[in-house]
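Visitor: Here is how the chains run, residue by residue.
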Amino acid sequence: MLANRYSAPLSHPGWQLVPGLLLGLGLLILVAFGLGSMLVTAGSADVASVVNSRYLRGVIWFTVWQALLSVLLTLLVALPVARTLARYRQFPGRSLMLRLMELSLVLPTIVAVSGIIGVYGRQGWVTALLNNWLPGHSWSLYGLNGILLAHVFFNAPLAARIMLQALESVPSPRLRIASQLGLRGWWAWRSVEWPALRPLLPGLCALVFTLCFTSFAIIMTLGGGPAATTLEVAIYQALRFEFDFPQAAVLAVIQLVICGGLWWLVFRQRLEYSLMPNRHFVQGVQLKAWPGQLWFSTLLLAAFALFLVLPILAIASRGLPSLLTFTGHSSPYEQLLSATGRSLLIALPAGLGAVSGALLTLASVSKARGRLLTAIPTSTSYLPLIVPPLVLGTGLFLLLRPGLGNNAQGWTLVSLINGLMALPFVIQVLRGPLARLDTHSRRVADQLGVIGWYRWHRVYWPLMRRPLALALAYGIALSMGDFGVIALFGSPGQPTLPVLLYQQLGSYRMSDAAGTGLWLLLLMVVIFGLLSVIGRPPAHHRYKTVRQPFPEPEHA
Amino acid sequence: MLEVKHLRFRYPGQEAAWEFHFSVLPGQCIAIRGASGSGKTTLLNLIAGFLQQESGTIQLSGRPLEQLEPWQRPITSVFQEHNLFEHLDVATNIGLGLHPGLKLTQDQRHLIDEGLLRSGLPGFGSPMPGDLSGGQRQRVALVRAILRRKPLLLLDEPMTGLDPEVKHNMRALLLEEKARGVTLVLASHDEEDRKILADHHWNL
Numbered sequence: 000m001l002a003n004r005y006s007a008p009l010s011h012p013g014w015q016l017v018p019g020l021l022l023g024l025g026l027l028i029l030v031a032f033g034l035g036s037m038l039v040t041a042g043s044a045d046v047a048s049v050v051n052s053r054y055l056r057g058v059i060w061f062t063v064w065q066a067l068l069s070v071l072l073t074l075l076v077a078l079p080v081a082r083t084l085a086r087y088r089q090f091p092g093r094s095l096m097l098r099l100m101e102l103s104l105v106l107p108t109i110v111a112v113s114g115i116i117g118v119y120g121r122q123g124w125v126t127a128l129l130n131n132w133l134p135g136h137s138w139s140l141y142g143l144n145g146i147l148l149a150h151v152f153f154n155a156p157l158a159a160r161i162m163l164q165a166l167e168s169v170p171s172p173r174l175r176i177a178s179q180l181g182l183r184g185w186w187a188w189r190s191v192e193w194p195a196l197r198p199l200l201p202g203l204c205a206l207v208f209t210l211c212f213t214s215f216a217i218i219m220t221l222g223g224g225p226a227a228t229t230l231e232v233a234i235y236q237a238l239r240f241e242f243d244f245p246q247a248a249v250l251a252v253i254q255l256v257i258c259g260g261l262w263w264l265v266f267r268q269r270l271e272y273s274l275m276p277n278r279h280f281v282q283g284v285q286l287k288a289w290p291g292q293l294w295f296s297t298l299l300l301a302a303f304a305l306f307l308v309l310p311i312l313a314i315a316s317r318g319l320p321s322l323l324t325f326t327g328h329s330s331p332y333e334q335l336l337s338a339t340g341r342s343l344l345i346a347l348p349a350g351l352g353a354v355s356g357a358l359l360t361l362a363s364v365s366k367a368r369g370r371l372l373t374a375i376p377t378s379t380s381y382l383p384l385i386v387p388p389l390v391l392g393t394g395l396f397l398l399l400r401p402g403l404g405n406n407a408q409g410w411t412l413v414s415l416i417n418g419l420m421a422l423p424f425v426i427q428v429l430r431g432p433l434a435r436l437d438t439h440s441r442r443v444a445d446q447l448g449v450i451g452w453y454r455w456h457r458v459y460w461p462l463m464r465r466p467l468a469l470a471l472a473y474g475i476a477l478s479m480g481d482f483g484v485i486a487l488f489g490s491p492g493q494p495t496l497p498v499l500l501y502q503q504l505g506s507y508r509m510s511d512a513a514g515t516g517l518w519l520l521l522l523m524v525v526i527f528g529l530l531s532v533i534g535r536p537p538a539h540h541r542y543k544t545v546r547q548p549f550p551e552p553e554h555a
Numbered sequence: 000m001l002e003v004k005h006l007r008f009r010y011p012g013q014e015a016a017w018e019f020h021f022s023v024l025p026g027q028c029i030a031i032r033g034a035s036g037s038g039k040t041t042l043l044n045l046i047a048g049f050l051q052q053e054s055g056t057i058q059l060s061g062r063p064l065e066q067l068e069p070w071q072r073p074i075t076s077v078f079q080e081h082n083l084f085e086h087l088d089v090a091t092n093i094g095l096g097l098h099p100g101l102k103l104t105q106d107q108r109h110l111i112d113e114g115l116l117r118s119g120l121p122g123f124g125s126p127m128p129g130d131l132s133g134g135q136r137q138r139v140a141l142v143r144a145i146l147r148r149k150p151l152l153l154l155d156e157p158m159t160g161l162d163p164e165v166k167h168n169m170r171a172l173l174l175e176e177k178a179r180g181v182t183l184v185l186a187s188h189d190e191e192d193r194k195i196l197a198d199h200h201w202n203l
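Residue numbers (numbering that gives the first Met the number 0), protein chains in the order written: chain R, 0 to 555; chain B, 0 to 203.
It is worth saying that the hints were derived from the structure and are not from the lab.
Please note: incorrect hints may appear among the correct ones.
[Stated by the list, open to error] Partial selection, computed: residues in chain R whose CB lies under 8 Å from chain B: (1) D437; (2) H439; (3) R442; (4) G448; (5) I450; (6) Y453; (7) V458.
Just so it is clear, CB atoms sit at the ideal spot from N, CA and C, and this is done for glycine as well.
When you get a sec, could you build the whole thing from the sequences and use the hints?
Guide: Structure below.
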């Protein structure tokens with residue numbers, strides 16, 4: 000009979016446990032080194048003088064203030080949108096709208112910002128309208144206005160999606176009762192919506208707050224001056240322009256403490272939102288409507304869609320002419336193509352690394368027994384969130400500064416950090432589909448001896464190729480759009496696409512900038528399109544899932 | 000001969016442990032009787048190795064099984080449902096039972112086709128399980144179980160809820176297995192199943 004306890008290739012449990020453990024340990028060591036070098040450098044600073052500096056106190060105050068305002072505005076926009084989408088579950092364009100709201104996850108910040116400038120900037124469409132209707136208005140995008148606008152643009156769709164998921168998971172019997180009783184307005188809110196939303200609000204607020212707290216690219220491009228500077232930008236300036244390393248380190252420590260604390264709050268709340276489009280078509284239960292509610296809802300959703308679409312349209316319409324000029328003194332493609340090459344050189348390894356790292360981590364978590372062994376791979380999925388990329392980058396920058404000779408080393412480091420930063424998101428994408436193989440199926444596979452490599456190749460691979468392709472696309476896109484880490488380690492003479500775009504924005508070459516933005520956008524579309532084609536199973540393997548998202552009780 | 004001796008098990012938080020003790024001769028079928036929640040499925044999962052016993056032994060032809068991993072035990076289970084991988088086609092589902100890495104010989108591929116034919120599902124290799132009816136899915140699971148040629152078959156309500164014709168077909172296949180010398184452990188609510196298949200009864 001079987002001489003070997005594990006007959007299939009790579010079926011010893013160690014193969015699932017150890018690589019993820021090593022990865023987790025490596026990450027912990029890397030972070031420890033980064034933070035350690037930062038703390039050492041910070042120790043040499045006169046902490047009192049940093050904390051007492053008017054400028055820095057202003058920076059900290061502004062960072063918190065803009066983040067708070069952003070959270071408030073985001074919720075103000077997201078809540079009605081989520082409620083409306085939850086109420087009307089079947090209207091033409093709903094799924095398109097949801098798709099549009101997913102876009103903010105992958106749209107590179109700097110591209111969106113260039114679009115926002117195209118709409119609300121000095122020569123923007125909306126500004127032009129304002130000039131016509133309200134001559135003498137004092138609207139200016141740069142400063143707090145622009146920051147808040149961009150934050151709402153990015154976070155309102157995210158927040159609305161999370162809230163919508165909560166609202167859609169309200170058990171339908173409860174909805175039916177509310178509908179039968181004719182509840183609406185305040186009482187519908189109190190009986191149905193508030194109980195569904197309340198548990199996730201603190202976590203959601205913390206999430207949005209942290210995202211706004213660490214949004215580097217937005218502040219860099221729209222901040223417009225020392226009056227509107229946040230911690231991350233101050234760190235960057237201290238490192239790259241003032242060469243005041245101790246001050247940068249102190250700021251990074253402050254940043255780490257605030258962010259770490261907030262993420263801790265988020266995780267304690269167990270805010271689990273899935274990044275996978277898991278739309279289920281629930282037969283909506285109609286609640287009683289106010290007179291005119293339909294009109295109001297239509298208007299609201301139309302306005303929100305317009306808000307999301309306009310910047311993208313602005314990029315497309317302004318970028319297209321610039322991409323189509325082949326003549327003239329300088330063709331845009333020379334710069335574009337070399338920047339694309341650099342971006343891909345960084346993003347492809349980062350994406351592939353993030354996906355493999357995520358798989359190893361998930362395998363390791365599922366096999367690990369005991370608190371310590373479980374904690375190591377688990378930390379891989381959270382640590383990159385708690386330690387913001389710029390903070391980790393700062394630490395490593397301080398550590399490696401004398402040794403960082405050439406660009407290649409810098410790019411390797413950027414690719415590595417980008418890959419790490421993508422890990423938590425990629426893990427989120429893969430975790431759900433991986434868990435779709437239920438206990439029953441796993442038992443059957445065990446009995447048949449489909450273990451180790453065979454289990455991966457024969458059972459998981461057909462199940463996972465689609466999510467894997469999507470995860471890879473996310474990983475590449477996140478790294479491709481990165482503007483924070485590359486700003487620390489890159490050199491201005493050899494920009495990646497986001498850096499090139501930033502440079503063009505900074506020197507007011509708006510049409511070039513729009514061209515670069517559109518190019519980057521198209522590149523993303525190509526990446527997602529290509530990977531979704533690759534991820535599609537062969538035709539005869541496409542199976543019809545028996546979809547029963549809300550199993551009806553037998554007697555219904 | 001299958002000998003289950005003083006096999007004890009309890010779920011976390013359960014006060015009194017279950018104890019199972021019985022034996023079956025090769026080529027015979029024992030029917031496990033008992034109300035739902037009395038531990039029928041638990042017993043089958045213990046024998047298959049999906050659950051770990053507290054104490055006791057399981058022997059098949061004198062060979063102890065209780066320390067082996069599920070894939071090392073010469074056993075095939077057929078559950079009431081969820082026997083198939085939903086995202087793999089029928090032929091792959093059966094094929095994985097013959098070689099866990101799907102490295103099949105031409106003969107084995109032929110066996111799969113033949114097995115499907117014998118169970119009244121000719122040419123059903125390429126559909127996905129989701130495209131089949133409940134009865135068809137159970138027959139596919141049974142084909143896989145039979146083709147594995149293991150000396151012990153564990154049947155956990157394998158025919159519950161199927162229509163009479165399918166039941167008839169499946170029972171006939173199972174009787175053939177018995178005649179071949181396969182030992183059957185059957186947990187079933189169905190009086191008729193037990194009457195036709197079982198040689199002994201054991202009450203939980």
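Visitor: State for each hint whether it applies.
Guide: Hint-by-hint comparison with the structure:
Interface hint at R:D437: satisfied, since its Cβ lies 7 Å from the closest Cβ of chain B, which is below the 8 Å cut-off. Because the beta carbon of R:H439 sits about 4 Å from the nearest beta carbon in chain B, less than 8 Å, this interface hint is met. Against a cut-off of 8 Å between C-beta atoms, the interface hint on R:R442 holds, since the closest Cβ of chain B lies about 5 Å away. Checking R:G448 against chain B by beta carbon gives a least distance of about 4 Å; that is within 8 Å, so the hint holds.
The restraint placing R:I450 at the interface with chain B holds, with a minimum CB-CB distance near 6 Å, inside the 8 Å limit. Interface restraint check: R:Y453 against chain B, minimum CB-CB distance 4 Å, threshold 8 Å, status holds. Of the supplied interface hints, the one on R:V458 holds, with its beta-carbon coming within about 6 Å of a beta-carbon of chain B, less than 8 Å.
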